[in-house]
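Okay, here's what each chain looks like letter by letter:
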Amino acid sequence: MSDTKPAIADTKRVSRSTERFREVGLLAFIVVICVLVQIRNHNFLTLTNIQDLLANTAILGILAVGMMMVILTRGIDLSIGATIALSGMVSALTVKAIPTMPPIVSILEGMLVGLAVGAIIGVTVARFNVLPIIATLGFMNVFRGLTYLISGGAWVSSYQMSAGFQRIATGSIFGVGNLIIIAVVIYVGYAYFIRHTKTGRQIYAVGSNPEAADVSGLPRKRIVWLVYAVMGTLAGLAGVLWVAKFASAQSDTATGYELSVIAATVLGGVSISGGSGTVSGLILGTILLGILNNALPLINVSPFAQQFIQGVVILAAVLTNVLVKRNSQRIALRKRAI
Amino acid sequence: MSEHVLELKHVTKTFPGVRALDNVHFSLRRGEIHALMGENGAGKSTLIKVITGVYQPDAGEILIDGEPAEIRTPLDSQRYGIAAIYQHVTCYPDLSVTENIFIGHEKINRLTRKIDWREMHGRAEDLLGQLDADFDPRTSMGSLSVAQQQIVEIAKALSANARIIIMDEPTAPLTNRESEDLYRITEALRDKGVSIIFISHRLEDMYRLASRVTVFRDSRYVGTWNLSDVSRDQIIVAMVGREITQFFPKRNAVIGEEVLRVEGLSRVGYFKDVSFSVRRGEILALTGLVGAGRTEVCEAIYGVTSADAGSVTLDGTELGISGPSGAIARGIGYLPEDRLKQGLVLDWEIFKNVTYPTLGRFTKFGWLNTKLESDAAKEHAERLEVKAQSVFDKASTLSGGNQQKIIVAKLLTADMRVIILDEPTKGVDVGAKTAIFNIMNDLAESGFGIIMVSSEMPEVLGMSDRVVVMKEGRVTAILETAKTTQEELLNAALLGAAGR
Amino acid sequence: MPERVISIERKWSWKRFFLQWEWLLVLIFIVVNIVNSSLSPYYLSLSTFLTAPMSFLDIAFLVLPMTFVIILGNIDISVGSTVALSAVVMAVSFNAGLPMPLAVLLCLAVATTCGLLNGVLMVAFKELSSVIITLATMIIYRGVAYVILQDQASGKFPKWYSTFGWGNVAGIPVIIIVFAICALIFGLVLHMTSFGRKIYGMGNNLIASRYSGIKTNSIVIIVFTVTGLMAGFTALFLSSRMGSTRPNVAQGYELTAIAMTVLGGVSTSGGKGRLIGPVLAVFIIGFLTYGLGLVNIPAQVLLIITGLLLVVSVLVLNVRFGSRHQRPVVARAQPAQKGERPDE
Chain A
-14 MSDTKPAIAD TKRVSRSTER FREVGLLAFI VVICVLVQIR NHNFLTLTNI QDLLANTAIL
46 GILAVGMMMV ILTRGIDLSI GATIALSGMV SALTVKAIPT MPPIVSILEG MLVGLAVGAI
106 IGVTVARFNV LPIIATLGFM NVFRGLTYLI SGGAWVSSYQ MSAGFQRIAT GSIFGVGNLI
166 IIAVVIYVGY AYFIRHTKTG RQIYAVGSNP EAADVSGLPR KRIVWLVYAV MGTLAGLAGV
226 LWVAKFASAQ SDTATGYELS VIAATVLGGV SISGGSGTVS GLILGTILLG ILNNALPLIN
286 VSPFAQQFIQ GVVILAAVLT NVLVKRNSQR IALRKRAI
Chain B
8 MSEHVLELKH VTKTFPGVRA LDNVHFSLRR GEIHALMGEN GAGKSTLIKV ITGVYQPDAG
68 EILIDGEPAE IRTPLDSQRY GIAAIYQHVT CYPDLSVTEN IFIGHEKINR LTRKIDWREM
128 HGRAEDLLGQ LDADFDPRTS MGSLSVAQQQ IVEIAKALSA NARIIIMDEP TAPLTNRESE
188 DLYRITEALR DKGVSIIFIS HRLEDMYRLA SRVTVFRDSR YVGTWNLSDV SRDQIIVAMV
248 GREITQFFPK RNAVIGEEVL RVEGLSRVGY FKDVSFSVRR GEILALTGLV GAGRTEVCEA
308 IYGVTSADAG SVTLDGTELG ISGPSGAIAR GIGYLPEDRL KQGLVLDWEI FKNVTYPTLG
368 RFTKFGWLNT KLESDAAKEH AERLEVKAQS VFDKASTLSG GNQQKIIVAK LLTADMRVII
428 LDEPTKGVDV GAKTAIFNIM NDLAESGFGI IMVSSEMPEV LGMSDRVVVM KEGRVTAILE
488 TAKTTQEELL NAALLGAAGR
Chain C
-12 MPERVISIER KWSWKRFFLQ WEWLLVLIFI VVNIVNSSLS PYYLSLSTFL TAPMSFLDIA
48 FLVLPMTFVI ILGNIDISVG STVALSAVVM AVSFNAGLPM PLAVLLCLAV ATTCGLLNGV
108 LMVAFKELSS VIITLATMII YRGVAYVILQ DQASGKFPKW YSTFGWGNVA GIPVIIIVFA
168 ICALIFGLVL HMTSFGRKIY GMGNNLIASR YSGIKTNSIV IIVFTVTGLM AGFTALFLSS
228 RMGSTRPNVA QGYELTAIAM TVLGGVSTSG GKGRLIGPVL AVFIIGFLTY GLGLVNIPAQ
288 VLLIITGLLL VVSVLVLNVR FGSRHQRPVV ARAQPAQKGE RPDE
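Protein chains in written order, with our numbering: chain A, -14 to 323; chain B, 8 to 507; chain C, -12 to 331.
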């Protein structure tokens, strides 16, 4: 077997190196963009702006965790914008009616709404084999419609929300914003879960080879259900945070936000065909997208160009992935020395 | 304790329309390597699927260590210590070797529910070391070679404390040297007390490893013998049910001009410098061991994939084929190796399959005419003696041999000059095999040039005029069939041209 | 004389004829109209049946090609964005001085190009599923529309332009006539030409189709390009009816178009379905939303119904036809298989 050693060391090097390369590249890109933007607008790297950037990115990051799990299983979730709206509205309406509601209960309430939403989607995809794109496209409209119904088309605005509620998002502990703390806690938990627990690794397995997962007796359906349920719960949490941060709940809250989340996830190197992706990559992708969203207005890029840029980012990230894979396959073929 | 670690008695398994196992028996002694032989479709894979819990038998019982065993799911089978290794490894390509080995039974710290990576990687290295493989278990499974993946599969079986290991055609994708390694590992497993069922088409595998052999034929159990008590011929008779000299129908074809010439055809990573020619009325066999690159060469000629260098010339004109549609238009037809995935649309009726490549011929004023289609389908199907009730039967209801005939019918609706048949008798029962040979002879006699890819030496010797032997992507010999022997062919397939 | 004679007779069974999905749709259509007439007293009249379609048939132009796309085993969620972009380009160029007829042609050209781009991307990057490609283009196309028009409206079309959306010929609305012609063409192509046969074949078994000499790349490109063209039609009728256009028009059109197609019995696993089904579904969902709109049920609630209809239809079809989904056009790179030998 000794003559296979050099070949193996090579292939391992190739696959590890592409991952490292991507993350280094992302980091470099982040640095470069920060520098360029700072040159154009000195207000970029100020404390207030950075805090604002981190607060927005925190919500994006929390959602990206859920989306990464969904995409790892070869799925997709377009409904999270609607879930944010629904859970945000529910918790806002509750606070409006019961101003003395403890903030922690509001958060739990939102997460519960999200969990219910995610569970329904999970059953539809896992048990009834409905394509994720179809299930989430359909339910997206259902939940947004529900949001409209329960709100009667009216907004809930800041004067109807208790100070405690709003402080969920605006408050801080030891000078670090609540949102950032929540995001960090979630990421630490997630990194542990996805790398060091059995279920976490099974999520990768299900995406890497769903047929093998079925045959080897992995609880594939339960895992698929789980990722949508978790995504929903996180979206529910994000809903409460969103509504508290912007001090307003409307039926069109977070419309289209799912696309930003997908962009961040894909940018972070999570493969759209499932089975691979790293937490470090996800963090970098989220930060990069957060920076883009924050920096573009500062350098006078019209907010109306944002959607276009996001679309290009997703397309570029996904196409690059394909080209890189093709290249490494070509290299492996060349090594065959036929 | 029973001397038989596994027994199957009176096991029957039926699927709609077909009886896959008919009252079969099988017994495996403790610590033996037991060969299971039979032609394609004899019931071997169904037996394996019953043992591993993928299928539940409709009748009969399974005994493990003499006690009745309930095997309803793959998990049950694993709990009984049964593991199977197939020629196509199903794994999680994005996960590491260690994870692939331990998936489903990861080493978890009881308190923290955390995966103990250090211990798992260490144990994986251990297992790999026992099998004399020293690649890093942290490598992703997808970047390993087939042989290495198989070794990981065996390591997986060992880690699950498998006492019964089934190996289904494990040597098929391996080179000679890798097969030797596999033999060694298998014997070492047996010496450790593992009982092994070994399925292989290669008689040499069987003679090298096994102590007993069981033969299945047509879903029935034929018999079990000690290898020392039975001759090669007797085994073959048991497998096919008649004398060894398979009847290859005679042919009266006039061999004419060269119709297809392949020169210097190369595709990086698959084959290099392949050159040969085919003449009208001739059957050229393309043989070699699995993995030699024969199918890849044919797919390059047919245009499914593109070659990186070299040329294909048809009747003197060089072809710049941009896909199978171009090939068909020029007169090259292809019967693919994987009948179900590549050859037919199973959900479709026979007539739709037959007319698929040449739909343009069945239109009247631009509209598809079902009458024209079914007439043509009927004509071809009857000529090829397809056993079907109606042209409106679905292709999925046909047997393997008849499905093959439908694909041939497909090719005949166009004007062909060269027909490439890739393993035309694979998975086809004996009666249908003769029918297909007759069809091939008819085609040759009608003036087509035929390329037949085959791994069966008797078939190659019995049906072809000339043989091209390939090994590891290169042509190692081009021989006149009448002047060569099985040994010479095998030599060229195994050892290759001088100097390599 | 052949030993065995193979029949070319097709067996007919009344039971099988009536058990088809499309009869269920007819039934649902009748139910919808019963519900509507109980909600609004003046509903059941010829005038309703002629004028109501003017409000929903614009989206029907998307359903016709979407049927082809889904039978092929793919999906296209960028259609709404294509509508928006082509409408915006038309309006802006008209208001910048381009003669209206040319602006109309430009609209169709832009829409067709959007579809063509989708097709080319699908063929060039077979590893990617149609989901992710059309998701990306969905964002990009609408993004471009926003870049062009921001949050403004653009319109003030010439008088004659409103005849697309509002006009009629001999009492029958223009849109119904045009749709009927298109539906006829699509139906004939799908069910009676080789092109249609190939669509079914590719949806059933893409690999075998390729081996059988079908030019799969060309067909994918054609189908997506035609989808783009039809989106252009939708853009014309929509902007004609509304009198103006904004970048956020046709939001949710992809949902409704897919819902109509799937409700029509076209399974998302590909290879199955007939054109008449989605056509019936167009009128089912169309009249349902129209009728509910008459009693002032808000648009968001209607979307709930559409969303549910989509999910439930797919669910029921899955149960009926099985849910084997086509993977992306080329399978993900598998580890070395089939005896492919490593280097040594």
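What the hints contain is simulated information worked out from the structure, not anything from laboratory work. All residues carry an ideal CB built from backbone N, CA and C; glycine is no exception. Mixed in with the good hints, there may be bad ones.
What follows is a list of derived Cβ distance ranges for each label pair [claimed, not checked]:
id, chain 1, residue 1, chain 2, residue 2, range
1, C, Ile168, B, Thr324, 20 to 30 Å
2, C, Gly158, A, Arg311, 54 to 64 Å
3, B, Phe22, A, Leu308, 15 to 25 Å
4, A, Gly174, B, Gly333, 13 to 23 Å
5, B, Glu211, C, Val306, 42 to 52 Å
6, C, Gly158, B, Gly333, 49 to 59 Å
Cross-check of the supplied hints:
1. C/Ile168 x B/Thr324: 20 to 30 Å: Taking Cβ atoms as reference, C/Ile168 and B/Thr324 lie about 45 Å apart, which means the hint is violated.
2. C/Gly158 x A/Arg311: 54 to 64 Å: Check passed, 59 Å falls within 54 to 64 Å.
3. B/Phe22 x A/Leu308: 15 to 25 Å: At roughly 44 Å between Cβ atoms, A/Leu308 and B/Phe22 fall outside 15 to 25 Å, so the hint is violated.
4. A/Gly174 x B/Gly333: 13 to 23 Å: With a Cβ separation near 57 Å, A/Gly174 and B/Gly333 fall outside 13 to 23 Å, so the hint is violated.
5. B/Glu211 x C/Val306: 42 to 52 Å: Holds, since B/Glu211 and C/Val306 (Cβ atoms, about 50 Å apart) stay within the stated range.
6. C/Gly158 x B/Gly333: 49 to 59 Å: 52 Å, holds
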